[in-house]
Every structure is written in C-alpha cells, then in structure tokens.
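Generate the whole structure from the sequences, applying the supplied hints.
From first to last, the protein sequence lines are chains P and F.
For the first sequence, position 50 (counting from the first letter as 1) is numbered 50 according to this note's numbering, and the numbering increases by one without interruption.
For the second sequence, position 158 (counting from the first letter as 1) is numbered 158 according to this note's numbering, and the numbering increases by one without interruption.
Hints were generated in silico from the structure; no laboratory data involved.
All of these numbers come straight from a predicted model, not from anything done at the bench.
Please note that a few of the clues may not be correct.
[To be verified] Each pair of labels, with its calculated beta carbon distance range:
#, chain 1, residue 1, chain 2, residue 2, range
1, F, 32, P, 64, 18 to 26 Å
2, F, 130, P, 43, 51 to 59 Å
3, P, 7, F, 19, 44 to 52 Å
4, F, 123, P, 109, 30 to 38 Å
5, P, 7, F, 100, 54 to 62 Å
6, F, 116, P, 103, 24 to 32 Å
We treat Cβ as the ideally placed atom computed from N, Cα and C, and that holds for glycine.
So the chains spell out like this:
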Amino acid sequence: MNEVKRKKKTILIIDDRKDDRRLVKLLLKKFDCEVIEAMNGTDGLDLADKHQPKLILIDQMMPGKTGLETVHEFRQNLDMKVNMRLKDVPVIMLSSRKFDQGFTDYLKMEGIDYHPKPVKSKSLLEQIEAAIGPLQMKSSKKPGTAAGWGAKPKASWGVKK
Amino acid sequence: MTNIFAPFARLVSGKRRERATEERIQTVSHDLRAPIHATEGYLHYLLERESGPINQEQEEVLESALDSLRYMKRFIDDMLDLAKIEAGAMVYQKESTDLQSVLNETTDLFKFAIREKGLIFSLRIQPGLPNAAIDRDRIRQVLTNLLSNAIKFTRREGRISLSARANSQRILISVADTGIGIPEEQLRALFARFSRLEVERSADEKSEGTGLGLWIARGIVRAHDGDLWVDSKKGVGSTFQFTLPLNKEESR
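Okay, structure coming up:
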C-alpha cells in the first residue's frame, strides 16, 4: 500500500448542536479519517467546497437553511447553482423528526440516506461504510471494519483544529 | 397547578394563529428533545461496546438511563399536546378515512406485546364500516393510548377486544379488557390531568404513564365532536368507548 499517496477520507458533519457533532466525532475517532464540522448549512457548503469531503452527514432541523435546503443547494440545478464538484457526494441525513414515511420516502427518491436520531452507533457506521466503503482502523495497517470496537485510540476527542 | 403551565400557555396564546402556534410548539418540542437524543446517542455508544467491553451491571445501568430518557420524551410530547389542547391550538387535519386501516395499523404496533404477555386479542369491525371524518394520526394516538393501557392493566392470558361499528349518525369504537379494573373511587378522577392508577407505578415501571394520556385522548375525541367514556369494575375489567363522526359527504 502506498502510504504517501493514500489520502485520508474526509467526512463533513453539519449540525447546529455541538453534542451531536461530538458524538459523530467520537464514533469516528478510531478510524483513519478526518472529520470536519460546520454549525449551519452555509458554513457547511463553504467547507464542503474547500475540502471535498467523501461524505456529508447533515442534520435536518437547523436554524437558517434546513439540511434538505442545503443539500438541494449543491445538488439540484434549480437556478443553475448546482456545484459540480459536490453533486455526487453521498449524504446521510440525521434527523430527530418523528417517524414519517412520507419524509423518508422523499429522501430516498432524492438519493439521500437517512438515520433517525438518537444515533445508533453500529447502524450509522454501517451506513457510512455503505456510502464510502470500509473505514480503516487508525492503529492497524489493514482495512478494518466498523463492526468491531478495535484498538484503543490515543487521541482525545476534542476539536482538532 | 396552573402556574406549571404558564410558560406553555404563553407559548400558545394568540388565537386564530393555530398553525403558527403549532409550528412554534413543534420548535420547542424539537429543542427539548434534541439534548435527550444526544444523550441517548452517547448511551448507545457505550451499550454497543464502541468504547470497549462492559459488564452486565453496567449494561443494566445504561438501559435504565435509556428508559428514563424515553419516559422524558413521552412526557414532553404529552405536555405539549396538553398545552395545545388547552389553548385550542391543536391543528386537526380531518379527512375521510378508512377506519379499518387505522385499526389494523395500530394493532400491528402491539402484536409483539400481546403475544409476549400471552393475551387473547380480537378485532371485530362491522362489514362495510363507513368512512370517518378524522385526523388519522391523532385518532391513532387515541387508540394507541387505550390499547397500551388495556395491555398494561390486563394480566397474562387475559382478553382484549377491539371493535368498531356504526349507526346512521356516528361510529362507535370500543376497547374492552378483562384486566384489573378501576376501583370506583378512582373512576371519577381518571380523566383528570396527571391521574394515574395507584397500581400503575408498581405494575410496570418501564412503561410508567405520564398521567396525561386519557385527558389528551378525550380532548382529541371531543375535538372530533365525539366523546370518550369508560365502564369498569374492579377485578372484572374495563371498557373504553368513543364515538367519531361519519364522513358526511359519503353517507347517504
């Protein structure tokens, strides 16, 4: 494996709540990926444009743009605003909206995966791996799988930057 | 008592703006639930062994914490429903509805609990039952409340029967059980806010009620121009019945 060329997978989390973003970071800290975060849709779009994430996790209910509006902004060419660099990035929507078949059907139609809050660690990791392929454990050289709990990570789960 | 609701009442004051009020309450509901969801997420993280092995005692502690949070979410939902009903700000989307599907959907939710408790369940719907003019989700909420009470207060191998029939004016739905029944002295206060049967706390702590369910259920039924009442005898069982309006355009 070529260590130099291998690029870390970047995952962008857009959620107005710090505790929700922190949980996702906690969940991903043992994997060799970079997690970047934004508090709202507008900042999220800026970050996404700058960092070209492999995956976007986004909350639906946020002040300002909702999650869905944010996704529409880079995916749909309603007013020719479609961002060609981002339009194929997979999206998993996190929402605490009560179960509503109509809403989840709509998301499916739009090709947006859905994970209801509260976050269930294993099933969210499965959804993430289904979207971007197996995640690599930080401490091991071989591709790990999210199904196990793997080696103890050394890093604390504070914000990296 | 009224002071407790003052903040909620203020939230929902402003008549004729039911829709806006409902939306505001939805936002409050979301803001109250969000930290609970985050906490649940963290507990699941530990329970699913993401941070390493845990022993049985730790697992039980985490499960208990999750139970408490689930109760808190039910309580928030019920408090907000109460606030909406009190302020007359509950928005009902009444449309012509096939009750059979609502009854089936609701009983599906309880199939597991019924089987687990070894209860005998029957559903009888009058053939050709006409459509009702109702808010489907809200009536499902009423049925869910009545059925979960019936299951909670009926001992193993007891019987629960749900039935629906119509006359020329209205539809009558009945949920009858052979459960522990309600003592006469508690019957009158049953529909009051924060009314809980005395046996309830010890019966099943996991599904402890908020004491608001029946009050809300009756509020919903009354907003449909119907009524909800109970007949009960201690040691024999309880029958809750409520009426719903027919969909006028279709009845002939």
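Here is what the structure says about each hint:
1. F:32 <-> P:64: 18 to 26 Å: The hinted range 18 to 26 Å holds for residue 32 of chain F and residue 64 of chain P, with Cβ atoms some 20 Å apart.
2. F:130 <-> P:43: 51 to 59 Å: This hint holds: roughly 54 Å between Cβ atoms.
3. P:7 <-> F:19: 44 to 52 Å: For residue 19 of chain F against residue 7 of chain P, whose Cβ atoms are near 49 Å apart, the range 44 to 52 Å holds.
4. F:123 <-> P:109: 30 to 38 Å: 34 Å, holds
5. P:7 <-> F:100: 54 to 62 Å: For residue 100 of chain F against residue 7 of chain P, whose Cβ atoms are near 57 Å apart, the range 54 to 62 Å holds.
6. F:116 <-> P:103: 24 to 32 Å: 30 Å, holds
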